[in-house]
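Protein chains: 2
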Amino acid sequence: MTIVITAFERSPDGGKGLARDTRVRWALEEVGQPYEVRPVSFPALKEPAHLALHPFGQIPTYEEGDLALFETGSIVLHIAERHAGLLPKDAKARARAITWMFAALNTVEPPILELVTARLLESDKPWSQERLPLVQDRIRDRLKPLSARLGSADWLEGGFSAGDLMMVSVLLRLKPSGLLDEYPNLAAYVARGEARPAYKRAFAAQSATNAGKSPTG
Amino acid sequence: MTIVITAFERSPDGGKGLARDTRVRWALEEVGQPYEVRPVSFPALKEPAHLALHPFGQIPTYEEGDLALFETGSIVLHIAERHAGLLPKDAKARARAITWMFAALNTVEPPILELVTARLLESDKPWSQERLPLVQDRIRDRLKPLSARLGSADWLEGGFSAGDLMMVSVLLRLKPSGLLDEYPNLAAYVARGEARPAYKRAFAAQSATNAGKSPTG
Numbered sequence: 001m002t003i004v005i006t007a008f009e010r011s012p013d014g015g016k017g018l019a020r021d022t023r024v025r026w027a028l029e030e031v032g033q034p035y036e037v038r039p040v041s042f043p044a045l046k047e048p049a050h051l052a053l054h055p056f057g058q059i060p061t062y063e064e065g066d067l068a069l070f071e072t073g074s075i076v077l078h079i080a081e082r083h084a085g086l087l088p089k090d091a092k093a094r095a096r097a098i099t100w101m102f103a104a105l106n107t108v109e110p111p112i113l114e115l116v117t118a119r120l121l122e123s124d125k126p127w128s129q130e131r132l133p134l135v136q137d138r139i140r141d142r143l144k145p146l147s148a149r150l151g152s153a154d155w156l157e158g159g160f161s162a163g164d165l166m167m168v169s170v171l172l173r174l175k176p177s178g179l180l181d182e183y184p185n186l187a188a189y190v191a192r193g194e195a196r197p198a199y200k201r202a203f204a205a206q207s208a209t210n211a212g213k214s215p216t217g
Numbered sequence: 001m002t003i004v005i006t007a008f009e010r011s012p013d014g015g016k017g018l019a020r021d022t023r024v025r026w027a028l029e030e031v032g033q034p035y036e037v038r039p040v041s042f043p044a045l046k047e048p049a050h051l052a053l054h055p056f057g058q059i060p061t062y063e064e065g066d067l068a069l070f071e072t073g074s075i076v077l078h079i080a081e082r083h084a085g086l087l088p089k090d091a092k093a094r095a096r097a098i099t100w101m102f103a104a105l106n107t108v109e110p111p112i113l114e115l116v117t118a119r120l121l122e123s124d125k126p127w128s129q130e131r132l133p134l135v136q137d138r139i140r141d142r143l144k145p146l147s148a149r150l151g152s153a154d155w156l157e158g159g160f161s162a163g164d165l166m167m168v169s170v171l172l173r174l175k176p177s178g179l180l181d182e183y184p185n186l187a188a189y190v191a192r193g194e195a196r197p198a199y200k201r202a203f204a205a206q207s208a209t210n211a212g213k214s215p216t217g
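Residue numbers (UniProt numbering), protein chains in the order written: chain A, 1 to 217; chain B, 1 to 217.
Please note that the accuracy of each hint is not assured.
Calculated cross-link-like contacts (lysine to any residue; reagent style SDA-like; alpha-carbon spacing at most 25 Å) [stated by the list, open to error]:
hint, chain 1, residue 1, chain 2, residue 2
1, B, Lys144, A, Ala49
2, A, Lys92, B, Asp141
3, B, Lys125, A, Arg142
4, B, Lys144, A, Phe42
5, B, Lys89, A, Pro88
6, B, Lys92, A, Pro34
7, A, Lys92, B, Met1
8, A, Lys144, A, Glu130
9, B, Lys46, B, Glu64
10, A, Lys92, B, Pro88
11, A, Lys200, A, Pro34
12, B, Lys46, A, Arg140
13, A, Lys46, B, Ile139
14, B, Lys89, A, Ala91
15, A, Lys46, B, Asn185
16, A, Lys92, B, Lys92
17, A, Lys92, B, Gln58
18, B, Lys46, A, Ser147
19, A, Lys200, A, Ser152
20, A, Lys46, A, Gly14
21, A, Lys144, A, Asp124
22, A, Lys89, B, Pro184
23, B, Lys144, A, Pro12
24, B, Lys144, B, Leu115
25, A, Lys16, A, Gly193
26, A, Lys125, B, Asp141
27, B, Lys92, A, Pro88
28, B, Lys92, A, Arg20
29, A, Lys89, B, Leu67
30, B, Lys125, A, Arg138
31, A, Lys46, B, Pro184
32, A, Lys89, B, Asp66
33, B, Lys92, A, Asp90
34, B, Lys125, A, Arg131
35, B, Lys92, A, Glu36
36, B, Lys92, A, Arg142
37, B, Lys46, A, Ser152
38, B, Lys175, B, Arg138
It should be emphasised that the hints constitute simulated quantities derived from the structure, not laboratory data.
Kindly generate the complete structure, drawing on both the sequences and the hints.
Structure follows, in structure tokens:
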């Protein structure tokens, strides 16, 4: 059954891999599943046809026959549950890997989204400069314990898993801020994710979509 | 096997049910699983024994034999996967319900957390009054499409699921703000969640922990 995902026709980041379709592409590449991409323009995101797939008018979505999903967390979990490569077989280790997916999305990402919002939507406000250090400190409050937990390990819990895929994807948003470099083991962890052949293929594919080329080259 | 969760010894909300252990208690009540509660003091949250269970030094955690989990999303999913009552049996309907869990935690909750942060940590800042409406508008950007999708249905996707449990829990944080009342169908949806016997039992139990009573009364 053909897998079809949606992505921005033109990503706001110009193809730097930060749009969330990259997370889904990466998961599909890790498990070796081919997929097609339907690019969606900004106006089309809020039209009924797309809202039927994604109630919040965002990307990515995931279609496989008559199953339609949204939310990268849910899509990556769905892929990881059905194909080998992203979750351990042992039930307890599997639950731990899924825990790290949620930690990435609900504990680490919210303050990072606050920084993105502060820069995108409040940079022209009178409080912008004075407020930014507060937001950055709230991110450090997450990075410090994450760095302590990771220690000198390659991945968060044994081998690479969907938990690492999601955590690396969330941390990638921090690269321009310089915050990641304050925690060398986290910077190395993210670089390790980016070095994976599956990530590289996903990155190249989203870059091609943004350049208006077909996703397969 | 005994299930043990952690909760604040004294919740910052004074027992209004907004601490995240309520989400886990609610899930356990829905599936009829007994549990024990280990209250944790604020200083103990950052001590090695608790950090080994929860790397970010928060509550709740979940222990069942030698399995230890953190993150409410992961804990609720673990409970929902193992006991009937929170996820449909059909694989596609199940994937949709899980999608709503992630939507609650990664799409709807982040702007709500921004409001909580603005009120708790930035209320004494010179920008506080002028900035609050911007944060509230970002919440409306989520509530409006959520309200449109829910329409006149009782729950987000067929019967009550872990997706509703998580969405109602996230929306409950908005009650004091008045924002929920701008969307009468969402206010009614939250009230429907609160009216469930399992929610009532969970609420009473967290209230008892906060009053220093045993969790079972």
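How the hints compare with the structure:
Under the criterion of a C-alpha separation no larger than 25 Å, the hint pairing Lys144(B) with Ala49(A) is consistent with the structure, at around 17 Å. The suggested pairing of Lys92(A) with Asp141(B) is violated, with an alpha-carbon distance near 38 Å, which exceeds 25 Å. Taking the CA atoms of Lys125(B) and Arg142(A), the gap is about 23 Å. The hint holds against a cut of 25 Å. Taking the CA atoms of Lys144(B) and Phe42(A), the gap is about 18 Å. The hint holds against a cut of 25 Å.
For the hint linking Lys89(B) to Pro88(A), the alpha-carbon distance of about 23 Å falls within 25 Å, and the restraint holds. A C-alpha spacing of about 20 Å is found between Lys92(B) and Pro34(A), which places the hinted pair at or below 25 Å, so the restraint holds. Of the supplied pair hints, the one linking Lys92(A) and Met1(B) holds, its CA atoms being roughly 14 Å apart against a limit of 25 Å. Between Lys144(A) and Glu130(A), the direct Cα distance comes to roughly 22 Å. Compliance with the 25 Å bound is thereby established for this hinted pair.
Proximity of Lys46(B) to Glu64(B) is assessed by CA-CA distance (about 22 Å); at most 25 Å being required, the pair is judged to hold. The hinted pair formed by Lys92(A) and Pro88(B) meets the criterion: a straight-line CA distance of about 22 Å does not exceed 25 Å. Taking the CA atoms of Lys200(A) and Pro34(A), the gap is near 15 Å; set against the 25 Å cutoff, the hint holds. As the CA atoms of Lys46(B) and Arg140(A) are separated by approximately 15 Å, the hinted pair is consistent with the 25 Å bound.
Note on Lys46(A) and Ile139(B): the hinted pairing holds, with a Cα-Cα distance of about 17 Å set against a maximum of 25 Å. Between Lys89(B) and Ala91(A), the direct Cα distance comes to roughly 19 Å. Compliance with the 25 Å bound is thereby established for this hinted pair. For the given pair, Lys46(A) sits about 21 Å from Asn185(B) by alpha-carbon distance, which is consistent with the 25 Å threshold. Under the criterion of a C-alpha separation no larger than 25 Å, the hint pairing Lys92(A) with Lys92(B) is consistent with the structure, at around 24 Å.
Note on Lys92(A) and Gln58(B): the hinted pairing holds, with a Cα-Cα distance of about 21 Å set against a maximum of 25 Å. A hinted pair counts as satisfied when its Cα atoms are at most 25 Å apart, and Lys46(B) with Ser147(A) qualifies at roughly 15 Å. For the hint pairing Lys200(A) with Ser152(A), the CA-to-CA distance comes to about 24 Å; that is within 25 Å, so the pair holds. A threshold of 25 Å between alpha carbons decides the hint, and for Lys46(A) with Gly14(A) the separation of about 21 Å falls inside it, so the pair holds.
Of the supplied pair hints, the one linking Lys144(A) and Asp124(A) is violated, its CA atoms being roughly 30 Å apart against a limit of 25 Å. Taking the CA atoms of Lys89(A) and Pro184(B), the gap is near 45 Å; set against the 25 Å cutoff, the hint is violated. With a C-alpha separation of about 23 Å, the suggested pairing of Lys144(B) with Pro12(A) holds against the 25 Å cut-off. Restraint check: the Cα-Cα separation between Lys144(B) and Leu115(B) comes to about 17 Å, which is no more than 25 Å; the hinted pair holds.
At most 25 Å may separate the alpha-carbon atoms for a hinted pair to count; Lys16(A) and Gly193(A) meet this at roughly 15 Å. With a CA separation close to 20 Å, the supplied pair Lys125(A) and Asp141(B) stays within the 25 Å bound. Between Lys92(B) and Pro88(A) the alpha-carbon distance is near 22 Å, which keeps this suggested pair within the 25 Å criterion. Straight-line distance between C-alpha atoms of Lys92(B) and Arg20(A) comes to about 22 Å, which keeps the hinted pair within the 25 Å bound.
Of the pairs offered as hints, the one joining Lys89(A) and Leu67(B) holds, with about 15 Å between alpha carbons and a cut-off of 25 Å not exceeded. About 16 Å separates the Cα atoms of Lys125(B) and Arg138(A), which keeps this hinted pair within 25 Å; it holds. For the hint pairing Lys46(A) with Pro184(B), the CA-to-CA distance comes to about 23 Å; that is within 25 Å, so the pair holds. Restraint check for Lys89(A) and Asp66(B): satisfied, since their Cα atoms lie roughly 17 Å apart, inside the 25 Å limit.
The suggested pairing of Lys92(B) with Asp90(A) holds, with an alpha-carbon distance near 24 Å, which does not exceed 25 Å. A distance of roughly 9 Å separates the Cα atoms of Lys125(B) and Arg131(A); the hinted pair therefore holds under the 25 Å criterion. This hinted pair checks out: Lys92(B) and Glu36(A) have alpha carbons roughly 20 Å apart, not beyond 25 Å. This hinted pair does not check out: Lys92(B) and Arg142(A) have alpha carbons roughly 34 Å apart, beyond 25 Å.
The hinted pair formed by Lys46(B) and Ser152(A) meets the criterion: a straight-line CA distance of about 21 Å does not exceed 25 Å. Distance restraint check for Lys175(B) and Arg138(B): the Cα-Cα separation of roughly 16 Å lies within the 25 Å cut-off, and the hinted pair is therefore satisfied.
In summary, the structure is inconsistent with hints 2, 21, 22, 36 from the numbered list given earlier, while agreeing with the others.
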